[in-house]
Amino acid sequence: MLELVDIKKSYRQPNGDPLPILSIPHFSVAEGEQVVLIGRSGGGKTTLLHLIAGITRPDSGQIFFEGRSIEKLSEAASDRFRATWMGYVFQTFNLLPAFTALENVLLGMTFSRKPVDRKRASQLLDRVGLADRMHHKPTAMSVGEQQRVAVARALANKPRLLLADEPTANIDTANQQNIIDLIRETAEEEQIALVLVTHAMEVADQFKRVVLLQDINDLKPQDHSEASGWVTPSAEKNAS
Amino acid sequence: MNLFSIAIRSIRQRGLASILTCFSMALGVTLMVAVIAIHGVVNESFKIGQYLGYNILVGPKGGKLQLTLNSVYYLDEPIENIPYEYYLEFKRQAEREGDYRHSLRQHAHDLHWELTRAAQQTMGLGVSSGTAGMVTRLATRVVEKDSEENLPGKRDGQFGQFTHLAIPLLLGDYYESFRVVGTTPDMFGAMKFGPSADRQYLFSAGRNFKVHSSENGFFEAVVGSVVARQTNLKVGDKINPRHGSVDGHTHNQPFTVVGILDSTGTPNDRAVFVNMEGFYLMADHAKPVEETASEEETEEGEEDPGHQESEQDPFDTVTPLPLEQREVTAILLRVDALFSVGMPNLVNEGPVAQAIYPIREINKFFGTFIGPVLGLLVVITLMICIVSGVGILVSIYNSMSDRRQEIAVLRALGAERSTVLWIILFESLILSISGGLIGWTLGHGLVALASPIVEAKTGVVVGFFDLAPALPPYLPVSPELLLIPLLAILAIAVGLIPAISAYRTDVSESLGK
Numbered sequence: 002m003l004e005l006v007d008i009k010k011s012y013r014q015p016n017g018d019p020l021p022i023l024s025i026p027h028f029s030v031a032e033g034e035q036v037v038l039i040g041r042s043g044g045g046k047t048t049l050l051h052l053i054a055g056i057t058r059p060d061s062g063q064i065f066f067e068g069r070s071i072e073k074l075s076e077a078a079s080d081r082f083r084a085t086w087m088g089y090v091f092q093t094f095n096l097l098p099a100f101t102a103l104e105n106v107l108l109g110m111t112f113s114r115k116p117v118d119r120k121r122a123s124q125l126l127d128r129v130g131l132a133d134r135m136h137h138k139p140t141a142m143s144v145g146e147q148q149r150v151a152v153a154r155a156l157a158n159k160p161r162l163l164l165a166d167e168p169t170a171n172i173d174t175a176n177q178q179n180i181i182d183l184i185r186e187t188a189e190e191e192q193i194a195l196v197l198v199t200h201a202m203e204v205a206d207q208f209k210r211v212v213l214l215q216d217i218n219d220l221k222p223q224d225h226s227e228a229s230g231w232v233t234p235s236a237e238k239n240a241s
Numbered sequence: 027m028n029l030f031s032i033a034i035r036s037i038r039q040r041g042l043a044s045i046l047t048c049f050s051m052a053l054g055v056t057l058m059v060a061v062i063a064i065h066g067v068v069n070e071s072f073k074i075g076q077y078l079g080y081n082i083l084v085g086p087k088g089g090k091l092q093l094t095l096n097s098v099y100y101l102d103e104p105i106e107n108i109p110y111e112y113y114l115e116f117k118r119q120a121e122r123e124g125d126y127r128h129s130l131r132q133h134a135h136d137l138h139w140e141l142t143r144a145a146q147q148t149m150g151l152g153v154s155s156g157t158a159g160m161v162t163r164l165a166t167r168v169v170e171k172d173s174e175e176n177l178p179g180k181r182d183g184q185f186g187q188f189t190h191l192a193i194p195l196l197l198g199d200y201y202e203s204f205r206v207v208g209t210t211p212d213m214f215g216a217m218k219f220g221p222s223a224d225r226q227y228l229f230s231a232g233r234n235f236k237v238h239s240s241e242n243g244f245f246e247a248v249v250g251s252v253v254a255r256q257t258n259l260k261v262g263d264k265i266n267p268r269h270g271s272v273d274g275h276t277h278n279q280p281f282t283v284v285g286i287l288d289s290t291g292t293p294n295d296r297a298v299f300v301n302m303e304g305f306y307l308m309a310d311h312a313k314p315v316e317e318t319a320s321e322e323e324t325e326e327g328e329e330d331p332g333h334q335e336s337e338q339d340p341f342d343t344v345t346p347l348p349l350e351q352r353e354v355t356a357i358l359l360r361v362d363a364l365f366s367v368g369m370p371n372l373v374n375e376g377p378v379a380q381a382i383y384p385i386r387e388i389n390k391f392f393g394t395f396i397g398p399v400l401g402l403l404v405v406i407t408l409m410i411c412i413v414s415g416v417g418i419l420v421s422i423y424n425s426m427s428d429r430r431q432e433i434a435v436l437r438a439l440g441a442e443r444s445t446v447l448w449i450i451l452f453e454s455l456i457l458s459i460s461g462g463l464i465g466w467t468l469g470h471g472l473v474a475l476a477s478p479i480v481e482a483k484t485g486v487v488v489g490f491f492d493l494a495p496a497l498p499p500y501l502p503v504s505p506e507l508l509l510i511p512l513l514a515i516l517a518i519a520v521g522l523i524p525a526i527s528a529y530r531t532d533v534s535e536s537l538g539k
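One line per chain: the protein sequences are V and U, in this order.
Under this note's numbering, read the first sequence as residues 2 to 241, first letter to last.
Under this note's numbering, read the second sequence as residues 27 to 539, first letter to last.
Calculated directly from the structure, the hints in this document are not laboratory data.
Just so we're clear, the structure is a prediction, and the values are computed from it rather than from any experiment.
Even glycine gets a Cβ: it sits at the ideal position worked out from N, Cα and C.
Some hints could be false.
[Unchecked claim] Stretches of chain V that chain U covers, calculated by requiring three or more beta carbons in the stretch to come under 8 Å of a beta carbon on chain U: (1) 52-64; (2) 77-91; (3) 98-105; (4) 112-119.
Can you build the whole structure from these sequences, using the hints too?
Put into structure tokens, the structure is as follows:
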């Protein structure tokens with residue numbers, strides 16, 4: 002359902018020179034498939050998720066979602082597309098502090114073309130074990146509870162694709178597994194394709210398909226800052 | 027969840043800053059509402075003089091504004107006086123004849139014929155024709171020989187055919203801080219007021235004063251509603267006017283209050299009105315006449331209402347002051363529209379008096395002096411509201427740095443750039459308009475609290491829900507109806523800068539922070 006073809010992305014450095022981050026010839030995710038994307042910190046994992054979600058645009062290449070090219074959508078159309086068909090779990094939860102848990106989940110539906118469903122929002126919070134906290138604001142919740150609300154929000158609009166950016170990075174060890182289990186089980190139940198980014202191998206080991214970013218990112222060493230420690234497969238082979 | 031509720035939540039999240047910003051707008055609007063209300067009150071109180079039932083004012087030559095202020099609003103001092111006979115030029119013959127019965131000239135004419143008849147009777151008694159002739163010549167030397175037709179009371183006044191109603195005003199005395207106005211019962215009997223000149227003067231107590239009554243003779247008075255309220259005068263009370271100023275000597279002759287006027291919202295609420303005949307009979311109110319007939323003695327059985335007998339009080343035996351010793355301060359005229367242009371020209375061409383249109387002078391005064399000052403006040407309050415609006419801009423803009431990530435999250439959740447722009451604009455609109463509504467309420471509350479004082483001072487009644495009047499031709503509706511739309515425009519203008527900042531948020535970069 003998701004296919005990336007010849008995607009290239011670079012950022013502009015302070016001196017104006019481009020800094021290449023990604024060069025991906027091909028990457029795809031099947032319908033309902035759960036994929037873990039693993040890579041080093043600062044390697045472009047979040048950038049890849051942003052490209053898939055339409056939050057940022059590739060410099061070149063194509064992104065297909067259910068056969069439809071989405072990288073050329075206008076910004077407004079891309080925003081609406083993301084709101085309707087994708088869910089995003091942020092690394093730092095990014096719950097809005099002025100809104101209750103229930104309202105944060107409702108925000109996940111507000112900007113989509115689907116009707117706002119308060120009942121679904123309540124059910125999702127119940128599912129993540131926060132039925133009795135739905136009228137509490139994030140400041141009154143623990144870190145683990147906040148992340149569960151973030152998961153519920155990402156699932157609110159019944160997405161076809163769920164993107165999770167290091168969802169356990171800011172969670173204590175005790176809750177990490179709970180979050181991972183929640184995401185996996187919910188995605189499986191609702192037949193949602195999942196792309197989960199992490200740098201933790203113990204998380205990656207729980208998934209059938211694990212993709213190393215360096216395996217799909219065809220970036221040559223001289224095209225990337227040495228400080229990042231990036232090595233392309235070809236450079237590694239040559240070095241050995 | 028909709029954009030409005032998202033904006034409300036954001037405002038509540040910044041509770042104290044939002045309250046202060048809103049309050050600052052409320053203060054600005056309170057001030058503006060108060061100034062607009064003052065503008066309306068002043069406008070109304072001045073223009074209310076238009077609704078007094080007359081369209082022309084005649085007075086001594088001199089300043090038109092002074093004449094207007096003095097005669098319509100009972101302010102300032104009279105310019106001068108004009109002869110009473112000039113007032114009678116605005117009357118038809120029937121009314122003039124009644125008045126001229128009190129003139130020295132008429133009395134002399136009557137005396138002449140009395141002497142002539144006496145001479146004839148003397149001749150019949152055997153007195154020599156020479157003696158009778160001498161008596162007749164003596165009478166003729168003393169008085170002018172008038173034929174009936176030449177008597178002034180036997181003709182229409184020069185302007186009588188043009189005039190529906192002519193009412194004299196005699197000014198100069200005071201009761202406490204209020205003007206005492208000598209006039210005729212027609213002031214409240216025949217004169218009507220109001221925008222359509224169809225409202226009758228009514229009395230909350232008592233009745234209109236009479237030219238002469240058996241109980242009080244010539245000395246009856248009615249008081250305006252404000253006077254009654256402030257001085258606690260009631261029907262039956264006696265008042266002694268002061269001559270010339272509030273500190274002048276008190277006239278010995280009291281007037282009896284026989285009526286208290288209903289509130290009219292006109293300057294008449296703030297004056298005391300006394301019978302003209304009684305006004306003339308007070309000391310120092312008679313104009314000296316070089317050649318006058320000797321004082322009339324009371325004659326029994328005479329039907330002239332100026333004569334009254336009393337064995338108890340010497341004031342009951344007075345007769346009306348002769349015309350030649352009378353003057354008037356001003357004349358209120360209701361003239362047919364057809365003659366309202368030509369007749370004043372005739373008056374103005376003469377040497378005695380001037381005729382003005384009080385409406386014109388009121389509008390000129392307002393437009394020249396009052397209007398610009400009030401306009402300046404309105405401009406100042408507008409600037410205060412703009413400053414308050416800038417406060418909203420600063421408050422929202424300063425919050426943007428803290429809200430960058432929040433906006434990025436909304437964008438990541440699918441909100442379009444225009445959506446976050448409108449959320450910020452909604453915040454600005456909510457702060458502005460709610461501040462405006464609070465300010466409107468406070469402003470009207472202040473005006474309502476001050477209403478009794480305003481009514482007492484100006485006669486203008488203002489209620490809590492009363493909007494300031496329209497300002498034609500500049501503004502066909504009340505300026506207060508423009509308050510919310512103008513605040514909305516201000517809100518959008520000041521909200522645009524932070525809204526554009528939100529619009530330009532880099533989602534990818536801000537999410538990472």
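Results of checking the hints against the structure:
Only residues whose beta carbon comes within less than 8 Å of a beta carbon in chain U count, and the segment 52-64 of chain V has 3; three or more means the coverage holds. Only residues whose beta carbon comes within less than 8 Å of a beta carbon in chain U count, and the segment 77-91 of chain V has 8; three or more means the coverage holds. Counting residues of the segment 98-105 of chain V whose CB lies closer than 8 Å to any CB of chain U gives 4, so the stated coverage by that chain holds, three being the minimum. Residues of the segment 112-119 of chain V lying with their CB closer than 8 Å to a CB of chain U number 3, which satisfies the three-residue condition for coverage.
Checked against the numbered hints above, the structure breaks none of them.
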